[in-house]
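6 protein chains.
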Amino acid sequence: MSPTIWLESLITDTPQEGFELAITLSRRGVKSTQPDVDTLKKLRPDYANNADSLTAASQVIAINFQTVAAANNYWK
Amino acid sequence: MSPTIWLESLITDTPQEGFELAITLSRRGVKSTQPDVDTLKKLRPDYANNADSLTAASQVIAINFQTVAAANNYWK
Amino acid sequence: MSPTIWLESLITDTPQEGFELAITLSRRGVKSTQPDVDTLKKLRPDYANNADSLTAASQVIAINFQTVAAANNYWK
Amino acid sequence: MSPTIWLESLITDTPQEGFELAITLSRRGVKSTQPDVDTLKKLRPDYANNADSLTAASQVIAINFQTVAAANNYWK
Amino acid sequence: MSPTIWLESLITDTPQEGFELAITLSRRGVKSTQPDVDTLKKLRPDYANNADSLTAASQVIAINFQTVAAANNYWK
Amino acid sequence: MSPTIWLESLITDTPQEGFELAITLSRRGVKSTQPDVDTLKKLRPDYANNADSLTAASQVIAINFQTVAAANNYWK
Chain P
4 MSPTIWLESL ITDTPQEGFE LAITLSRRGV KSTQPDVDTL KKLRPDYANN ADSLTAASQV
64 IAINFQTVAA ANNYWK
Chain L
4 MSPTIWLESL ITDTPQEGFE LAITLSRRGV KSTQPDVDTL KKLRPDYANN ADSLTAASQV
64 IAINFQTVAA ANNYWK
Chain C
4 MSPTIWLESL ITDTPQEGFE LAITLSRRGV KSTQPDVDTL KKLRPDYANN ADSLTAASQV
64 IAINFQTVAA ANNYWK
Chain H
4 MSPTIWLESL ITDTPQEGFE LAITLSRRGV KSTQPDVDTL KKLRPDYANN ADSLTAASQV
64 IAINFQTVAA ANNYWK
Chain E
4 MSPTIWLESL ITDTPQEGFE LAITLSRRGV KSTQPDVDTL KKLRPDYANN ADSLTAASQV
64 IAINFQTVAA ANNYWK
Chain U
4 MSPTIWLESL ITDTPQEGFE LAITLSRRGV KSTQPDVDTL KKLRPDYANN ADSLTAASQV
64 IAINFQTVAA ANNYWK
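Residue numbers (the working numbering), protein chains in the order written: chain P, 4 to 79; chain L, 4 to 79; chain C, 4 to 79; chain H, 4 to 79; chain E, 4 to 79; chain U, 4 to 79.
Pulled out of the complex, with its shape left as it was, chain P reads as follows (with noise of 0.2 Å):
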C-alpha cells in the first residue's frame, strides 16, 4: 500500500517481541482493508468493549505468533 518499510525481518531478540511483532502484524492486516486511520479510531469502542470481538482479535495475534515463534524456530 504505502512504499514505507514497516516489516524489516521477522527475527526478535526475545519471545515477548515476537509477540509484539505478531501483534503489529495483525493490526496491519486490519489497515490493508481499512487504510483510514479515523474510521479506524471511530470502530475501536466497538471491539475495545466487546467479548467476542476481542478473543476473536485475540486470535489473528496467535496465528500471526504461530509465524512470527516457528520463524525465530521458537527462541531456542
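I should point out that these hints are in silico values taken from the structure, not numbers from a laboratory.
Do not rely on the hints blindly, as some may be mistaken.
Which copy? The list can't say, so a pair holds if one copy fits it or any two copies do.
Subject to a maximum C-alpha distance of 27 Å in a straight line, what follows is the list of computed DSS-like cross-link-like pairs (lysine-lysine) [claimed, not checked]: (1) 45 to 79; (2) 79 to 34; (3) 34 to 44.
Given the coordinates of chain P, assemble chains L, C, H, E and U onto it according to the supplied hints.
Using the frame of chain P, we list chains L, C, H, E and U on its own:
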C-alpha cells in the same frame, strides 16, 4: 477461473512483500467466490466499517502469511 | 460419497493451479455436507453478496492452500 | 466415548480417501459433543440449508485434512 | 488453575485415543475460562442443540487434534 | 505495551504447564487490544456465560497451544 497468470511464485524478496502477497491471496479467495467487481465494490462499506469484519479479514491474511512465510523459509 | 475420482493428487504444476485446487477442496467440503446442487445454487446469493460470508469462504481456501502448498514444497 | 474402534489409522491409499477421512473426523467432533443421533438429524436442515454453516463445516474438514495430508506425507 | 495433573503427556497409543485427548484439551480450554461446572452444565443445551455451535466445537477439536497427531508423529 | 517482561520463554517443564502458557498467551492477546482491567472484568459475564464465547476462547488457546507444543518438541 481466468487463464490470466496472477500467481507466479510464493517467493518474495522481503517479509513485507510476503505480507502484501498474503493480502493478494486473501482477495483472490474472495474473488473466486464473487468474481463481479461491481458487487465487491458495493460490499466494501459493509466490511470496511465494521470492526469484526476487519478482524476477520486480518485473520485470512494471517493464515495466508503463514503459507508465504514458510515458502520463503521466513526470509532467514 | 460418490465413487467418482475427483482428487487424484495434491501436486500441481504451478502455485496458481495449487490455489485453484484449494478452491476445489473448499467447495468439496461444502458439497460433502450439502450434496444437492439445486440447494447450493439457491444459497449462492446468500453468501456471494455478503461481505462476511465471502471472507469466510476465502479463509477456507487459505487453509486448504496451506495444505496444497506444503504438498508441493511451495513450488520451490 | 464408545469403546468401538472407528479410527485405526490416519493413513489412506489416496488423497481422496484422506479427504473422506477428514469428513469423518469432522463429524466425530460434532458427535463427541452431541452423541444423540436423533438430535443431530433434527439439526441437519439448520446447517445444510445455510450458506455460512456450510462454509463453517468445510473449514473444519479443511483443518482435519491438513492433519490427514501431513500424516500421509501428502501422498507423494 | 488447579494443581491437579490432568495432562501428563501428548503421546497416545492409538489415533483414536489421540482424538479423545483432543476432545479433553478442547474442554479444558473452556473450563479455563469458566471453571464453574454448574454454569457449564446450564450452558450445555445452548450449544448441544445448535448446529453452528457443534461445528465450532468440532473445529476446536480439529485444531487440538493437529497438535496431538504431530506429537505422535501421526502414529506411523 | 508495558516494558514488564511477562514472556521469557516458550519452554515449559510439562505439557500441562504448556497449556497454562497457552492460556496466558490468549489472555495477553485480549489485553493488547483492551488493556483496561476494569473493562475486561465488566465484560467477563458476557463471555463466561455464553457457550459460543467459551468455545471461541478455547479455540484461541488451542492455537496458542500448537505453538507452545511445537516449541517444546511436544515434550518428547
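Exercise. Which holds for residue 45 with residue 79 at a C-alpha limit of 27 Å: within a copy, between copies, both or neither?
Worked result: neither (41 Å within a copy, 38 Å between copies)
Problem set entry | Copy assignment of residue 79 with residue 34, given that the CA separation must stay at most 27 Å | Cα proximity of residue 79 and residue 34: across copies only (26 Å, versus 32 Å in one copy).
Exercise. When no copy is specified for residue 34 and residue 44, does a C-alpha distance of 27 Å or less occur within a copy, between copies, both, or neither?
Worked result: both (11 Å within a copy, 18 Å between copies)
Of the numbered hints listed earlier, the single one contradicted by the structure is hint 1.
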